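Listed below are the residues making up each chain.
Protein chains: 4
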Amino acid sequence: MIAILRKSASDDAVNHLVSWIEKKGLQTNVSYGENEIVIGLVGDTTKIDPFLLESMDIVERVQRVSEPFKKANRKFHPADTVVDCGHGVKIGGGNFQVIAGPCSVEGKNLLTIARRVKKAGATMLRGGAFKPRTSPYAYQGMGAEGLDLLIEAAGELDMPIVTEVMDPRDVQLFVDRGIDVMQIGARNAQNFSLLKEVGKTTTPVLLKRGMSGTIDELLMAAEYIMSEGNENVILCERGIRTFETRTRNTFDLNAVPVLHYLSHLPVVADPSHATGYTRYVEPMALAACAAGADGLEIEVHDCPEKAWSDGSQALTPDQFDRTMDRIRAIRAVISTGDDQS
Amino acid sequence: MIAILRKSASDDAVNHLVSWIEKKGLQTNVSYGENEIVIGLVGDTTKIDPFLLESMDIVERVQRVSEPFKKANRKFHPADTVVDCGHGVKIGGGNFQVIAGPCSVEGKNLLTIARRVKKAGATMLRGGAFKPRTSPYAYQGMGAEGLDLLIEAAGELDMPIVTEVMDPRDVQLFVDRGIDVMQIGARNAQNFSLLKEVGKTTTPVLLKRGMSGTIDELLMAAEYIMSEGNENVILCERGIRTFETRTRNTFDLNAVPVLHYLSHLPVVADPSHATGYTRYVEPMALAACAAGADGLEIEVHDCPEKAWSDGSQALTPDQFDRTMDRIRAIRAVISTGDDQS
Amino acid sequence: MIAILRKSASDDAVNHLVSWIEKKGLQTNVSYGENEIVIGLVGDTTKIDPFLLESMDIVERVQRVSEPFKKANRKFHPADTVVDCGHGVKIGGGNFQVIAGPCSVEGKNLLTIARRVKKAGATMLRGGAFKPRTSPYAYQGMGAEGLDLLIEAAGELDMPIVTEVMDPRDVQLFVDRGIDVMQIGARNAQNFSLLKEVGKTTTPVLLKRGMSGTIDELLMAAEYIMSEGNENVILCERGIRTFETRTRNTFDLNAVPVLHYLSHLPVVADPSHATGYTRYVEPMALAACAAGADGLEIEVHDCPEKAWSDGSQALTPDQFDRTMDRIRAIRAVISTGDDQS
Amino acid sequence: MIAILRKSASDDAVNHLVSWIEKKGLQTNVSYGENEIVIGLVGDTTKIDPFLLESMDIVERVQRVSEPFKKANRKFHPADTVVDCGHGVKIGGGNFQVIAGPCSVEGKNLLTIARRVKKAGATMLRGGAFKPRTSPYAYQGMGAEGLDLLIEAAGELDMPIVTEVMDPRDVQLFVDRGIDVMQIGARNAQNFSLLKEVGKTTTPVLLKRGMSGTIDELLMAAEYIMSEGNENVILCERGIRTFETRTRNTFDLNAVPVLHYLSHLPVVADPSHATGYTRYVEPMALAACAAGADGLEIEVHDCPEKAWSDGSQALTPDQFDRTMDRIRAIRAVISTGDDQS
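Chains as they are written, first to last, in numbering that gives the first Met the number 0: chain A, 0 to 340; chain B, 0 to 340; chain C, 0 to 340; chain D, 0 to 340.
Simulated from the structure, these hints should not be mistaken for lab results. Incorrect hints may appear among the rest.
In this list, chains with the same sequence are indistinguishable; a pair is considered to hold if it fits within one copy or across any two.
[Claimed, not checked] Straight-line alpha carbon distances no greater than 20 Å define the calculated PhoX-like cross-link-like pairs of lysine-lysine that follow: (1) K6 / K69; (2) K74 / K6; (3) K70 / K6; (4) K199 / K22; (5) K69 / K46; (6) K70 / K118.
For clarity, every value in this text was computed on a predicted model and none was experimentally measured.
Model the full assembly from the supplied sequences, consistent with the hints where possible.
Structure representation (structure tokens):
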């Protein structure tokens, strides 16, 4: 951490600040520039609140040097984390998985869709039982009954399931039912009560980036989960909010290599939510794969026009077949490249 | 709602869509343009998911005409809502209030600060007992003990208190202790479980706009609370996230008159979080007041350098005295203007 | 275009507005909804300024139905445009090209770099002679002398060159020297004087999206050029500005399929500017290729540490060799897929 | 400037970098942290391209400490700049001015509007003769003939005029006609050819912030003008582009106190473009005034429904009368406050 002081700061004021910092157990390094004085803080800077430092009269600005995330940081954990999602399916460290299924669990057609996506090559099944909807008047999901349908499908098809948990009070229910992977949605990316609660379990967590979440905030959210003891975190880029309105979100695929650079956790991308339109899902699924994602999450529905939510972005099973063929071909290129490097 | 179809859509396909819409109880109005066909949907359009409509092959785009919020909508409730916050303090409909106090409740100094802000003219006391922090390693608040300190201060000073609730499991605790106003923070602006839970109480809710929340989403969050029965909602603009980094957030003061135009609910502005720096709090507090806000929420700390959180944006009691003088002067201009109009 | 009127509008006022619109040669279609009245405008809506319409008392909102771009619009020109860049190099309609070279032309090393990128498989040479720099104190480019070095390289290597023009007064110079492709940079994406000036030539134009430019604005900028007579426009996605700071820009790869859907013009992507860091260029080049781009623009420098500008995002020739190998492999997958579709 | 190196950097590599920096005439200050090595660069850091530094293998990140703007920087010029706009009208340093008039000069009604705005208290007249329009098919302004009408109005009313210049080839024309203040629009905020050209004159320049321009970029654009010799620069906040769509732009009023803190140049705000709707212009004009702006630019039209551009955001003369009354009242509060401080 670096504190930039006004050139006009008195020696007394600078010394006072230096001793204040050193009392917190850090070392300092003061350098006098042409237009400002710079104090470098060395040591465990989590002990100092940068905003507090910035509130002092003589301090102009404070800049972080170290990343505030520790457990999610590749610096302290160079090897890729591989998360075991159950049913023999692992993700990360060269293991690439496709999570597919309907936006919402709607009933018996879940099994029909699940069979088709498995046949096409998907290795994990998604489906929402508890749905976060912008409007209180929109369909809110089947709830616990939806979980049962997912469990049934998982059993029949021997595939791990991924489904969203929205309320800390539901976490135990998800654990009790044996949900393989709990998803934290974009709107809950900084719901710290929920993050802590899933952090207390050992169930893998698919953690989506918030709509206005920076890459660092996504990693800090992972840190919340990991600091409670659960290190089975899968990061997910699903589009961020910008000024562009031709797509539902702006797919920040830069985040894929950036997250791989900063963190050891697996990175999944969701081209369905990141585009919002069926016609853009295939090209952006391929793009995410080429960018190096460890997995994709794709919405598939047997009859998108009848879907209870997000039908506009679902692929039909036939479209998904074709997309999977091309994903495999891109993946072959990428994984060969990885071997060479 | 309007559906824009491709010019190339066959008559059969158009008729099929029209009858699908009409089966849902809506009326339609088809017009053939030069480059597209437009279907107007008349009736209760909440019965139709616009994204679903957009998923159909012949549909190019769907545009909303009506706002999706009903209870928060001024169209259906032209008069300003006045929220009674307890201790005789009302907000909205010409009643202007200043909420002041420390970011976090830290101990006995709460009372010292509370006395000073009351003397300066603040009418409500703020202070966080449960703190949402980006880092799991940062100070997380005093919890229930902090609520007790707030209650004690409220009693002594006869002022309503405003404090943040982050977890649906804590809502009953807040109600039991008699908290006057529950605050929903920016990070929980789409935490629908929490919104529903506070919606089941009768305690007034100060609802902050999300960092990437549109004005419509803020109103939909209010709608979540109101649709559960609690109509005592106070909206709060506290800055949104943009590309600008010289301030902590971008204070979207346009939101004040826009919210007044769209909704009957009171609108408060928070210049402390919206700027992030003490030196910008006064001018932006005055600006918010001039824009027509029904109230301001301002952080004040007796010793910002020692604050446990957000010290960089707190005013000292002396700064707050001066700011209150000027707020009163601006408010006098604005309320006179309102009478004239 | 659709005008949404207040429910409270009097019949007289509605009739008045209808006749005002019809006097402009358009037809109208009025429908009465539950909470508003909607007028559909049919005909050449470019004759009506939507903002003007919105200024009228009874009008609540105006929404466009047709896109405002005509010449760039795929609706009126379904087949892909193929732009001939000279030296036998075509782009668009299945023709994929890689444009590579240094950010700035710096001297004789241009030829060294050009030979290496050609050998690696690049088919067009880039290099800036006139440089737009945020600071007036930063290096501003070699100017006309740089153009000469580019022409010399183009001649020796028989490759078309792409170089940026910043000033309408320089356009004739670029034409006189025989520059193959003129680039319009992101900062000039709405410099209408410059757009019109290049529109009066027949030289192909590589048009970059502005930092805060929507996809529609990019197409409207193309429209400026095309409406002056020059239809040889190549669109370029180079990253937009968002709140994310871990990369120089946010690479909006969704724009690639969206532009292909809306327009017939070729679409190029620039992973160098879109990421800002050498280490992210290869994965994002592959992603852009997988998303269906018709070409890539990549910065290559023989000694990035000595580059006069943007060294941080340049590949070395060795890195570029490897990247080209993988681009070819991805392109093979994508073009096969295209044949099947 | 600070370079953060990887902890793994060898001593040789660090020494090599240090001597490279020192050869450029700067001093260095190396400190070894727990997780990284930090080099502080002291001296004229404009000699070093931060992106170049960042391209080096051992460098993780580079952070600026000093602002890159010099002439616009309050640090080197503590007193407020007062710009003389002609006709005895000065702005900045306590001098507050209101610039009003139509968006576009349309003909003889300019004089009618000008008389009304002067009577209401406006001290400068605005009107566009050359109009930047997103669509090439929209009205592009009267051109030189419009300038003549402005000159005529300025003469009759003895008010300085403000009008936009879009093309470096037109700057001499503006100077020859004696235009009092040349406006640079948001779309040309980084049109460096144009900035340099107006920098060579002595005519005051009203410089608008770009739609995606940071506060620092606005100051760098001012620096372009000032570095050519013209120090008569007035900064203008006119709204930035964000995700919010209920207003035309997001009015970043934080920029007013931030610009005053960072720079000595006068700061004007434009509530007409920043909101886009007549109904929000008055509250936001008052807010800008309360935030401490040195002036306001407001669109007024005698018949907004007939305006050739931007009618939706213009005030009528009657509305402007009322707004001016309230601006004066707010200004009285603010300027009293300034005296006290």
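Hint check results:
In this assembly of identical chains, the alpha carbons of K6 and K69 lie at most 20 Å apart only when taken from different copies (15 Å versus 34 Å within one copy). Taking the closest pair of Cα atoms, K74 and K6 come within 20 Å of each other only across two copies (10 Å); inside a single copy the shortest separation is 35 Å, beyond that limit. Within a single copy, K70 and K6 get their C-alpha atoms only as close as 38 Å, which misses the 20 Å cut-off; across copies the closest is 18 Å, which meets it. Taking the closest pair of Cα atoms, K199 and K22 never come within 20 Å of each other, the shortest separation being 34 Å inside a single copy and 48 Å across copies.
Taking the shortest Cα distances, K69 and K46 sit within 20 Å of each other inside one copy (14 Å), while across copies they are farther apart (35 Å). When the C-alpha separation of K70 and K118 is checked against a cutoff of 20 Å, the pair qualifies neither within a copy, at 37 Å, nor between copies, at 44 Å.
The structure fails to meet hints 4, 6 from the earlier list, while all remaining hints are met.
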